[in-house]
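Engineer: Listed below are the residues making up each chain.
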Amino acid sequence: MRSKEEQVCVVAFLKFESFSDAGFALPVFARPSDPKRFFLQRLDELGKQIAAFEAFDETEGLESLPSEGPAARIGTDPIYVFYEGRKYYAGPLNSLEGYLRDFSARHVRKSAVNLQISELIGTIDEKRKARIQMERFISQQSGRDAAQEFYRRSTLHASLWSHLLAGAPNKQSAAHISASQHLFKATLSAEGKISLDLSALNSAHYALTNIEEIIRCLEMEFQPIGATKDEANPAIDVQSENIDIHVAQVLKELELAGRQEERIAIIFDELLSNPLVGFAVLQTYKKDRGQFATKILEELLRSSTRVSLRDGSHGSWIIVQKAIQKAMSEAYPQGRGPLLYFLAKHLGRHRPIREMILNKLRSSRSIFIQQYYDDIIGFLMENDKSAAGRP
Amino acid sequence: MTSPSPRRDAFRVWIDNQSDPKWKLLPLTHITKGVMALDIINAGSIQPTHCEVFNEPLAYFFYGRPAYRVGGDGAVKVEASCPYCFIFDSALISKAKNIFAFDTGAFEKRLYKHHLSEEMKTHDFSLEVDITRPNKIIAKTFRSQSAYLDGDLTKVVSVEDGAEPWEFHARAYLNLLKSQGRNEPDDRICSIEIVLSEAVPLAGSLKAVVVPHTLWSEGKQTPWLKEISDKGIEILPYLFVPGRHPEHYHALLELAVRKKYEQWGVIDEE
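Line order of the protein sequences matches chains A and B.
Under my numbering, the residue at position 333 of the first sequence is numbered 321, and the numbers go up by one with no gaps.
Counting the second sequence from 1 gives a position; my numbering is that position plus 630.
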């Protein structure tokens, strides 16, 4: 089934472990007009959206829903099903988050399911704790070697894969990452240092991030409990009262900024530099006085439900890069020059953004962009002298 | 009426030109879905099942590599039926009825048709039951067990250096290994297949089972895994998070197998 418009509903689910009393299950879909013909969702290469629905013939073990479940179609967020006893919950991950958190709080000893929940919706700290809890259990059951193998290989590799996919600029790169992942190597030293061997990949496959950033994120995720301070990004550890003060300062700055292109650049900058502050600003500000900026804010808010900003700068990178792409395509031709100008002014110190701006400058002959050329280069030169000779 | 294919020894002659590297034999793997894994453990053995390729009951294993893809190409079901890997003692190879240079199932599905000519038959690529040949062919192509286990095709000898132009089967095989496009066959092309015609009891030869982590946790611990764990068989969990790409689970399973081999010291680097 490949029509993007056609809608299907969850009508049943298949438990992964038939003997288990709680956990995730496979959602089974059907068209409302043909409830006996089943489909499974297939996710896209990035694992973020439904790419297709494929026929599913097996009926053994299927548990039907008493009434039609949530609807989905190609291009929407994937549907998850979680069951607990006779109850079930179905929907996109963000709609299940509250229930899943509640389940984890009520069942702290269910380390395997809690690990799955943390991997899907948890903060860095929650993921780390869930992984270590699982490691301890495996150590008791299968010995220390198996436990270390699980923690230092399986969960580390899974996390590396997620970071690489998040950095993939397109579906082709994501597909290549998926196909090559048996050749990646990530090693966690006893001191908590990560080393990577990504020689099977070209850096263009993960162009939206870089090795240093991935290592930094992985080291945050895998450092021992208690050592959770993000030294590379002290803003993540800002106390809540400091966040409030900082948010107020940013809101004031937004009020004073005359152009909507500058206002969104300021918000982008906060999201990248201080994710907690940026996210708080986003939640507070919500609507801009300009139509274009409001549209971009809506995009930011929408994607922030999919990628957790609490995961620190990596999550915000993904959101901001998507929003910049959206801003460039949504801006009127005469607005693109000012947009690049303010992006360069506020975000020029971030290397990937700097490179993106330079690429835009190189590829555009628009008079609306060229008139800002010198000023943009000036901002970029301030941040990277090597940018001077390139365009 | 078609005449039976003649016996063709050229590929085996090419392999035997390689001296025996004297490496240790690698363990054998058998991958299946959860439901089948339960059947195997309940039965206490891997039973041969009817094989459409050879039209007789057979059980399939891979030499070292956990190469088989559960659900074949319809791997979308993997979330409900994750891959499980049984790792057997290498001595099991002595019971092989046949050994092939690659996955014969993929051959039959004509996944290799772009590189192997129509006239080449499955049995042309048989290593027969000579248990020195798996390591010889690895030495000849990947040059190390490590590269073979990683499926690292960059380490494979070039077609020109690896075989003479008149060594048709060897050249076709090397071309197959070197094919790396998106539409090319997956790593089953470089996975040596071991075929047994008799039931394989778990007792005495099964060394470990790789399973999704959700089956090996507190509370309702999977009883059938506990049973074999109590008999000294290692249970190796891999992280299973719903919604991931099917290849992802397989990669994590491969990692677990690879690490276990390192701990057992079964991989010879030279």
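It should be emphasised that the hints constitute simulated quantities derived from the structure, not laboratory data.
Honestly, I wouldn't trust all of these hints.
[As the list claims (entries may be wrong)] As a list, the in silico SDA-like pairs of lysine to any residue whose alpha-carbon atoms are at most 25 Å apart:
1. B:654 <-> B:782
2. B:861 <-> A:131
3. A:173 <-> B:856
4. B:856 <-> A:36
5. B:663 <-> B:786
6. A:3 <-> B:635
7. B:889 <-> A:94
8. B:889 <-> A:283
9. A:159 <-> B:891
10. B:808 <-> A:133
11. B:663 <-> A:279
12. B:663 <-> A:-6
13. B:837 <-> A:139
14. A:159 <-> B:837
15. A:3 <-> A:56
16. B:785 <-> B:663
17. B:856 <-> A:130
18. A:283 <-> A:45
19. A:3 <-> B:889
20. B:856 <-> A:136
21. B:663 <-> A:49
22. B:654 <-> B:748
23. A:240 <-> A:168
24. A:36 <-> A:133
25. B:808 <-> A:5
26. A:117 <-> A:43
27. B:663 <-> A:85
28. A:24 <-> A:-6
29. B:725 <-> B:646
30. B:856 <-> A:56
31. A:173 <-> A:238
32. A:173 <-> B:888
33. A:3 <-> B:877
34. B:727 <-> B:684
35. B:725 <-> B:666
36. A:348 <-> A:360
37. B:654 <-> A:133
38. A:310 <-> A:192
39. B:663 <-> A:240
40. B:808 <-> B:748
Engineer: Take a quick look at whether residue 348 of chain A and residue 360 of chain A sit within 25 Å of each other, Cα to Cα.
Structural biologist: Since the Cα atoms of residue 348 of chain A and residue 360 of chain A sit roughly 12 Å apart, the hinted pair holds (cutoff 25 Å).
Engineer: Holds or violated: are the alpha carbons of residue 654 of chain B and residue 748 of chain B at most 25 Å from each other?
Structural biologist: With a Cα-Cα distance of about 35 Å, the restraint between residue 654 of chain B and residue 748 of chain B is violated, given a limit of 25 Å.
Engineer: Given the hinted pair residue 725 of chain B and residue 666 of chain B, is their alpha-carbon gap at most 25 Å?
Structural biologist: holds (22 Å)
Engineer: With a cut-off of 25 Å on the C-alpha distance, tell me whether residue 36 of chain A and residue 133 of chain A pass.
Structural biologist: violated (34 Å)
Engineer: Holds or violated: residue 173 of chain A and residue 856 of chain B, Cα atoms, limit 25 Å.
Structural biologist: Since the Cα atoms of residue 173 of chain A and residue 856 of chain B sit roughly 31 Å apart, the hinted pair is violated (cutoff 25 Å).
Engineer: Taking only the CA atoms, is the gap from residue 837 of chain B to residue 139 of chain A under or equal to 25 Å?
Structural biologist: holds (21 Å)
Engineer: For the pair we were handed, residue 663 of chain B and residue 85 of chain A, check the Cα-Cα distance against 25 Å.
Structural biologist: violated (29 Å)
Engineer: Going straight from one Cα to the other, do residue 173 of chain A and residue 238 of chain A come out at no more than 25 Å?
Structural biologist: With a Cα-Cα distance of about 41 Å, the restraint between residue 173 of chain A and residue 238 of chain A is violated, given a limit of 25 Å.
Engineer: Can you confirm whether the C-alpha distance between residue 663 of chain B and residue -6 of chain A stays at or below 25 Å?
Structural biologist: This hinted pair is violated, its Cα atoms lying about 31 Å apart.
Engineer: Between residue 173 of chain A and residue 888 of chain B, is the straight-line Cα distance small enough, at 25 Å or below?
Structural biologist: Measuring from Cα to Cα gives roughly 12 Å; hence the hint holds.
Engineer: For the pair supplied as a hint, residue 663 of chain B and residue 240 of chain A, confirm whether the alpha-carbon distance does not exceed 25 Å.
Structural biologist: violated (58 Å)
Engineer: Would the hint linking residue 3 of chain A and residue 889 of chain B be met if the CA-CA limit is 25 Å?
Structural biologist: Outside the cut-off at roughly 30 Å; violated.
This entry does not satisfy hints 3, 4, 5, 6, 7, 8, 9, 10, 11, 12, 14, 16, 18, 19, 22, 23, 24, 25, 26, 27, 30, 31, 39, going by the numbered hints stated previously.
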